Amino acid sequence: MEDFDRPGRFTDAGAYAPLLDALPADLAGIARAGHGLLIHEHHTQRYGVNLSDTNRQTVHLRSVAELLARIVERSDRPLDVPREPQRRVAGVCRHFTLFLVSVLRARGVPARARCGFADYLAEGRYEDHWVAECWDAGRQRWTLVDGQLDERQRDLFGIDFDVTDVPRDRFVVAGEAWLRCRAGGADPDAYGLAAAGEGGWWWIAGNLMRDAAALGGTELLPWDAWGAMPRPHEPVDDERAALFDELARLTVDPDRRPEQLCRLCADDRLRVPDRVHNLLREREEPL
9 MEDFDRPGRF TDAGAYAPLL DALPADLAGI ARAGHGLLIH EHHTQRYGVN LSDTNRQTVH
69 LRSVAELLAR IVERSDRPLD VPREPQRRVA GVCRHFTLFL VSVLRARGVP ARARCGFADY
129 LAEGRYEDHW VAECWDAGRQ RWTLVDGQLD ERQRDLFGID FDVTDVPRDR FVVAGEAWLR
189 CRAGGADPDA YGLAAAGEGG WWWIAGNLMR DAAALGGTEL LPWDAWGAMP RPHEPVDDER
249 AALFDELARL TVDPDRRPEQ LCRLCADDRL RVPDRVHNLL REREEPL
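The letter at position 42 of the sequence shown is residue 50 when you use my numbering, and the numbering goes up by one with no holes.
Treat the hints as calculated values from the structure; they're not laboratory data.
It is possible that part of the hints are untrue.
Said to hold, decoys possible - Simulated DEER-style distance windows between Cβ atoms:
1. D11 / D173: 20 to 30 Å
2. Y55 / D84: 20 to 30 Å
3. A249 / R176: 22 to 32 Å
4. D11 / D276: 28 to 38 Å
Note that this is a predicted model, so its numbers are computed, not measured.
Beta carbons are placed, not taken as given, at the ideal position from N, Cα and C, and that holds for glycine.
Given these sequences and hints, build the entire structure.
What follows is the structure in structure tokens.
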């Protein structure tokens, strides 16, 4: 757990780290603070916000330091003071997760971002999603925390569980989704993004690589692609399927065989390079 209790490549707040001291101590309080600073790109209208093309570009920010720079640029109030919805910085589930993980690591609490799928965001589907996995010292176990869902979204999605302890059958990491589908116990087309009408093996494999990268300390964007990652709608050949089988087994429980996971992720097909392809912007970008 020692690798997860200190800031990393994208979770280091840098010069903005002192601002985190104003935030609450508890998980729910930290998440609530995030709700007052960030707004989900696809839920802005529920808060009366029409997002401009310029303000939408913040979804491409990769580091928490960049996020915090935009937050304080729009308001210099302490971070525990909620901004009006139109002053919040646009992101997606990954940004809410990154914020939560960053705050916890700044305080020496082990936390890591997990990429996978949630069954509570669309009827009958497992939706592309990110949550934080936080170490509960009292119970000596990892807990899943959904940092995105505020009270309005909990009502919208009919959430009937504690979002600071998401049940493991409601959110599955990408490796678990891959193994379920490979065993014939689930339909790969049910894993993806309903709003885009997309899903399948290529989507699960992409999230699997992003989850592994996050475990290795590089929390990439949900649309960053590199290496062996299948591009949209691309079939997964047998060679890559075997690679993803091994990666899935190791990421489902990353604490069981961390050395093997590190060795596998050093493979050129999986290793995060200096530049990745931003699928939404259709261009290569440096990290």
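Quick rundown of the hints versus the structure:
Look at D11 against D173: about 23 Å separates their beta carbons, and that is inside 20 to 30 Å. Between Y55 and D84 the beta carbon distance is about 22 Å. The supplied range of 20 to 30 Å therefore holds. Distance hint for A249 and R176: a CB-CB separation of about 25 Å, consistent with the stated range 22 to 32 Å. For D11 and D276, the hinted distance range of 28 to 38 Å is not satisfied, since their beta carbons lie about 22 Å from each other.
Figure legend: structure checked against the earlier numbered hints; the only hint not met is number 4.
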